[in-house]
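Residue 82 in the working numbering is what sits at position 82 of the sequence shown, and the numbering runs on without skipping anything.
The set of hints was computed from the structure by calculation and includes no laboratory data.
Here are the simulated distance ranges between beta carbons: (1) Val13 to Glu72: 39 to 49 Å; (2) Ser33 to Val93: 16 to 26 Å; (3) Gly104 to Ser33: 15 to 25 Å; (4) Glu72 to Leu12: 41 to 51 Å; (5) Ser110 to Ser33: 17 to 27 Å; (6) Ser33 to Thr109: 13 to 23 Å; (7) Gly10 to Arg148: 31 to 41 Å; (8) Ala36 to Ile134: 21 to 31 Å; (9) Asp21 to Arg142: 43 to 53 Å; (10) Ala36 to Ser110: 25 to 35 Å; (11) Ala90 to Gly10: 21 to 31 Å; (12) Ile134 to Ala17: 27 to 37 Å; (13) Gly98 to Glu72: 37 to 47 Å; (14) Val138 to Val13: 29 to 39 Å.
Note that the Cβ used here is the ideal one computed from N, Cα and C, for glycine as well.
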Amino acid sequence: YKRQVVSAVGGLVMSIAGRDDPFWLSQGLTTLSFAAFNIPLGIGLLDVSGSRLLDIQNNRHGDLLLYDEVLEAAISAQRSKRTSLAVNGALDVLYIVGGALLVGLASRTSSRNTAAGAGWAMIGQGAVLLAFDIYGVVVTSRNASELRQLRN
1 YKRQVVSAVG GLVMSIAGRD DPFWLSQGLT TLSFAAFNIP LGIGLLDVSG SRLLDIQNNR
61 HGDLLLYDEV LEAAISAQRS KRTSLAVNGA LDVLYIVGGA LLVGLASRTS SRNTAAGAGW
121 AMIGQGAVLL AFDIYGVVVT SRNASELRQL RN
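Hey, can you work out the whole structure from these sequences and the hints?
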């Protein structure tokens, strides 16, 4: 999430500073648009701190029926997040390929610098998002495994 905010600010600054150069303007606007789309998606996506796991562990000696329901719901949520992140990862690869195509075919367009700038922004954003999604798959897999170990 924080990376997307930095990306949005960077894209905005790049767009303003490079407003007279089609390459930098398109790269900045493309970066900004990726960030504007991904910021809302990233809010609360991961429980990196493991706070949900700790909440469940701390309530272990409460109502056993409620505990089991909460535990199963948490495991299911981690599986759903992992699947969502894996699908996003596949889309990130498409961003990278699309960006590479834009860069590779930029010389065939009337706006060579604009196409190349947007292409490089897509490659950069796709690569960072892919790394984030891979990390997310690892985290959610670990969280689900830790939660499964709490089953009675």
